[in-house]
Every structure is written in C-alpha cells, then in structure tokens.
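A.B. asks: Keeping the supplied structure of chain A fixed, place chain B upon it in accordance with the hints.
What follows is the residue order along each chain.
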Amino acid sequence: MKARLFVPLALFLLLAVLLAVGLTLKPREVPSPFIGKPAPAFSLAQLKTGQPAFDPAQMRGQVWVLNVWASWCAPCREEHPLLVEAARQKQVTIVGLNYKDDPRNAEEWLRKLGDPYQAIAVDRDGKVGIDYGVYGVPETFVVDREGIIRKKHIGPLTPEVWNQDVLPLIQKLKG
Amino acid sequence: MTAMKRWLLMLALAAAATTHAAEAPNVAADPALEARVNALSAELRCLVCQNQTIADSHADLAVDLKNQVRDQLKAGRSERQVIDYMTQRYGDFVLYRPPFKATTLLLWLGPALLLLVGGLLFWRSLKNSQSAAPAAAVADADARRAEQLLAADDTPR
Numbered sequence: 033m034k035a036r037l038f039v040p041l042a043l044f045l046l047l048a049v050l051l052a053v054g055l056t057l058k059p060r061e062v063p064s065p066f067i068g069k070p071a072p073a074f075s076l077a078q079l080k081t082g083q084p085a086f087d088p089a090q091m092r093g094q095v096w097v098l099n100v101w102a103s104w105c106a107p108c109r110e111e112h113p114l115l116v117e118a119a120r121q122k123q124v125t126i127v128g129l130n131y132k133d134d135p136r137n138a139e140e141w142l143r144k145l146g147d148p149y150q151a152i153a154v155d156r157d158g159k160v161g162i163d164y165g166v167y168g169v170p171e172t173f174v175v176d177r178e179g180i181i182r183k184k185h186i187g188p189l190t191p192e193v194w195n196q197d198v199l200p201l202i203q204k205l206k207g
Numbered sequence: 211m212t213a214m215k216r217w218l219l220m221l222a223l224a225a226a227a228t229t230h231a232a233e234a235p236n237v238a239a240d241p242a243l244e245a246r247v248n249a250l251s252a253e254l255r256c257l258v259c260q261n262q263t264i265a266d267s268h269a270d271l272a273v274d275l276k277n278q279v280r281d282q283l284k285a286g287r288s289e290r291q292v293i294d295y296m297t298q299r300y301g302d303f304v305l306y307r308p309p310f311k312a313t314t315l316l317l318w319l320g321p322a323l324l325l326l327v328g329g330l331l332f333w334r335s336l337k338n339s340q341s342a343a344p345a346a347a348v349a350d351a352d353a354r355r356a357e358q359l360l361a362a363d364d365t366p367r
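Taken in sequence, the protein lines are chains A and B. Per my numbering, residue 33 is the first one in the first sequence, and the count goes up by one each step. Per my numbering, residue 211 is the first one in the second sequence, and the count goes up by one each step.
If we strip away everything but chain A, and leave its shape as in the complex, we get (with noise of 0.2 Å):
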C-alpha cells in the first residue's frame, strides 16, 4: 500500500548484503597475474651442495609445485606436514624456494621436520621471489606440464586447500 514506506528497509537490507559478501572477501589474497602465465624463468644453486643449479625448465613434462618458504616463517611450519604427507604419497613433485633464509637454518629446519622436496633452490636475496609476485610466504604455485602456471595459493595450505582445491586441480592436469 504505502511502498515507500519500504524504501528505508530494502535500502538497508541492501546494504547488509553488500557488507555480508564484503566479509568474505580476502582483501590480503592479491590476485596473481600469472596464473595461464609461463612460470618466469631462473637458475639458482641448490640449497643441497653437489646438485647441479635448479631451472624451472628442467621440469618440462611434469606438473609440479612451487612451494616458497624459509626457516623463519612460522606458517610454513604449519603447513610443512601436509607437503611431507603429500611427497611420501607421491601426489606430485614438490620443488622448495628457500625465500631469504640462512641455509644453515634452512636445513636444520629440513633435517628435524622432513624434506619433501626434489630439489630446494636458494633465493639468498628474495629476487626470485620478486619475479614470481611473492610478498608473504609461504606460497604454493602449480606448474602444468609445459610450464604454465595454474594456480597460486597464498598463506599456508591447509588440508581443506590442499584436498579440494590443489591435489584435484593436479590430478586434472596430469590427465
């Protein structure tokens, strides 16, 4: 009857939405540029020494995973079971960058908590990570077979994460 009377009600409930779907957002989860980008290329020395320098090139014709950590980072070590899990079970080959990290710590880190990684590049001065638009580790890339990244996640993987985004998105992209 007097529909105005409802104008101040929708013009709040239409409000409450906005702000009920503004709480989901995740204003820290930048959106990556380079996801359907080619992962940028390098060549770092390997944190093990005698292993020849890492180039993501040499990982042509497999899906793969980035993983950037460091020793200091406290979220890594939230998430680093779940990488050992994932290695021990073979779900997909696990490449380290060891983002701004003392190696010496790095490996103390590596021998008490388990290595799930086929090879650790050394990122001593973060450049790397600045080509791969890294600002908090840890981060997690997945790498399809002609080297184009997939997926980007920021922040520690969680079982969640890892069983319902990535490890199906792995296994779709080995075919």
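Please keep in mind that the hints were generated in silico from the structure rather than gathered at the bench. These numbers were taken from a predicted model, which means no experiment stands behind them. Glycine is no exception: its CB is placed at the ideal position from the N, C-alpha and C atoms. Fair warning: there could be bad hints in the mix.
Stated by the list, open to error - A partial selection of chain B residues facing chain A, derived with a Cβ cut-off under 8 Å: (1) N261; (2) H268; (3) L271; (4) D274; (5) Q282; (6) Y300; (7) L305; (8) R307.
C.D. replies: Positioned in the frame of chain A, the structure of chain B alone reads:
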C-alpha cells in the same frame, strides 16, 4: 654505581649509533636518483601492509622492492618501465593509484554517481515540498474558527 651507570649509558649510545649507521647505506650518493626512487616508491603499494606505499613502509618486502626500483632506475630504465615491471609481477593492485579501466569504472565514477543520485533526490523532494505547501494550508472552516477565537479574546492580559 654512578660510574657503572655512565658506562651503561655510553654503551647504549654507542649501540644506538651503530644500529643507525647500519641503516645508512641506502641513502644513495646521487640525490637526483634518490628523488626519482622516492617519487616512484610513493606510487607503489606495499603488499604486506596494504594501506602504505613502499616509500612509507619498512616491511622487508617494501625495502626489497624499493631497492629493486633503485636498481632499475640506475640501470637506465624509465619510470614507465619500472611500473610495468611491478604490475607484471604483482598486478594492478601494486599501483597506489588504480588505473582507469573497465573493471575500475565504478571505483572512479562511483562518488560522482552518488552525488548525482543524491542531488536528484534532494531536488525532487524540494520540488515536492513546494508543490505540497498550498495543500497543507489550513482548511477554510478552521481558519474562520481561529479568527472567531482571536476576536473573542482581545482583552489585554
């Protein structure tokens, strides 16, 4: 006791001086370059502390990115090229001033749009209240009654 205090004070001052000295090397010998670095850094968002520019922020990554800006400018790249380098890696989000394009239309034009809508509503309600004014005038019968009452009671108090 006082001697020891003095000693401690001197030690503290010495420590303060050395920590300060350790931060110094970033100040480039070339003030013109540094001015360009600072100007450009003020246009780039720090991704760790998102409401600061990398010029304002002391986060590790901000310092790294600022060094990157300095290195690239020193190597002869233009401001435009450095901005492109950053957006290729971190997306448009790294720009403190968002670019004007299809996805940011609402962001840029939103305030003007709101002003326009608000102005229109205001103008309409103003017009309505003007045209509604005569209708609100007192009915004839009431007016006559009021006159009678006023006339009846004109003795001064």
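A.B. asks: All hints are to be evaluated individually against the structure, with a verdict given for each.
C.D. replies: Here's how the hints hold up against the structure:
no., hint, in the structure
1, N261, "violated (10 Å)"
2, H268, "violated (15 Å)"
3, L271, "holds (6 Å)"
4, D274, "holds (5 Å)"
5, Q282, "violated (11 Å)"
6, Y300, "holds (5 Å)"
7, L305, "violated (12 Å)"
8, R307, "violated (16 Å)"
Checked against the numbered hints above, the structure violates hints 1, 2, 5, 7 and 8; every other hint is satisfied.
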